[in-house]
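All chains should be built: construct the whole structure from the sequences, respecting the hints.
Number of protein chains: 2
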Amino acid sequence: MTTTHSGTIPDAEPLAAAIDLGTALRGLIEVSVTTTVPAGEVRAAAELVRQVTEQLAVARRPASQLPALDDLPAGRRVFNPVTGPGSGLAPPLVVRRDGDGVVGEATLGLAYEGPPGFVHGGMSALLMDQLLGSAAAAAGLWGMTAHLELDYRGPLPLEQKLVLRARVAENEGRKSVITGTIAVADDPGRVLVEARGVFVLPRPEKVEAYFGSITDAAGRHTPPSRPTDATALDED
Amino acid sequence: MTTTHSGTIPDAEPLAAAIDLGTALRGLIEVSVTTTVPAGEVRAAAELVRQVTEQLAVARRPASQLPALDDLPAGRRVFNPVTGPGSGLAPPLVVRRDGDGVVGEATLGLAYEGPPGFVHGGMSALLMDQLLGSAAAAAGLWGMTAHLELDYRGPLPLEQKLVLRARVAENEGRKSVITGTIAVADDPGRVLVEARGVFVLPRPEKVEAYFGSITDAAGRHTPPSRPTDATALDED
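Going line by line, the protein sequences match chains C and Y.
Under our numbering, the letters of the first sequence match residues 1442 to 1677, in that order.
Under our numbering, the letters of the second sequence match residues 1442 to 1677, in that order.
No lab work stands behind these hints: they were computed from the structure.
Ideal Cβ placement from N, Cα and C applies to all residues, glycine included.
Please note that a few of the clues may not be correct.
[As the list claims (entries may be wrong)] Lysine to aspartate or glutamate pairs mimicking EDC-like chemistry, simulated, CA-CA at most 16 Å apart:
#1 C:K1602 with C:D1628
#2 C:K1616 with C:D1592
#3 Y:K1616 with C:D1592
#4 Y:K1602 with Y:D1627
#5 C:K1616 with Y:D1592
#6 Y:K1602 with Y:D1512
[Stated by the list, open to error] Calculated Cβ distances over 12 Å to all of chain Y for the following chain C residues:
#7 G1614
#8 A1624
#9 P1629
So this is what it looks like as structure tokens:
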């Protein structure tokens, strides 16, 4: 058990437990792609994983109901597949405000490999899409990706800390242009990936059409409508 | 135990076991982001996951050594984070040749959520980068992503089968332009995401610089140099 400060954060222990499981899952995924134990032991591991799954599956939220741990207005999305500390899929990318933009850090293991020894090119796009959205949120904007483009100057190494930066370059009405970069943290001046995204705030009728059935854990209708909804920006 | 045909595929049982574990991990990840069991049970699940991880971690390959299950010349990458059936990160995207291009199918659960109810925009980019590379391979080409761009016409629903298509539009020397689309399988004519990628075959000195230290499981030097190396194209 972790000592929690449940006085200030009502859901501190459920949040800590979700992060504990997400962290454990990330560790298992990384080992699962590198293990060389015999097939019988891999089978036994799969069987244990299924047992754990069954234990957790006895009570589940419906797809239209946000996780109880999430706080959409505050931008907390615990299971976001890029930044969510509770997500087994997420590296996770840790994002904070920096100057007029945002900076993110992540280290990707062998589970994220594309060309041998390097990060999958599509992972760079996944990380940048998230970070560009976070930069929009940090600037008080919100939107969904309308266009995303990336130029790859060099491959990203696995198992080295990467630093990602993004800032809003232009904003006019519902549309924002956001630019970003990825570099190795130890060599931040050498940009390996450049990204540019156009994010558009959907019109009210689109927001209703897209998110009209979404509720929070208490059953309240909660369409995303605030700047931070699309992100999991860590406040600092 | 699964009945295997080990006469034709020497590593059938290790491959089946890896796929079994990958499948189990995907199931656990999906349940982990939707479970509403008490925090104590989530903690217990995390503890079991750590135990499984320890069991698998007793023997691991080094980062520069490809998995024994992979067959780089044949394009089999069992742990590819998009198409790999052994990867807990991969939906997985199942790819086959179709006409002069490739078609891929995947269904993404809540673990892949971005905006509430929809697939994370960056996931579309991740999937398309992989499929564009598969289209290059299917055309007898190989290359690394130099440029990737996507136009988003509408959000992709979760929990519905998606169909992705890609084909080589242009090829000149070391450079290929590849285009692709994503639609819902039930409404394939309505394109929701359009993608265009430029893939470039690295010069021999770059291949040596990037992949010079990579070996197969037997310790043989195996740089990627064949058309299918960058993909996990399912032959049909």
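So which hints don't hold here, by number, going up? Hint check: 2, 6 fail, others pass.
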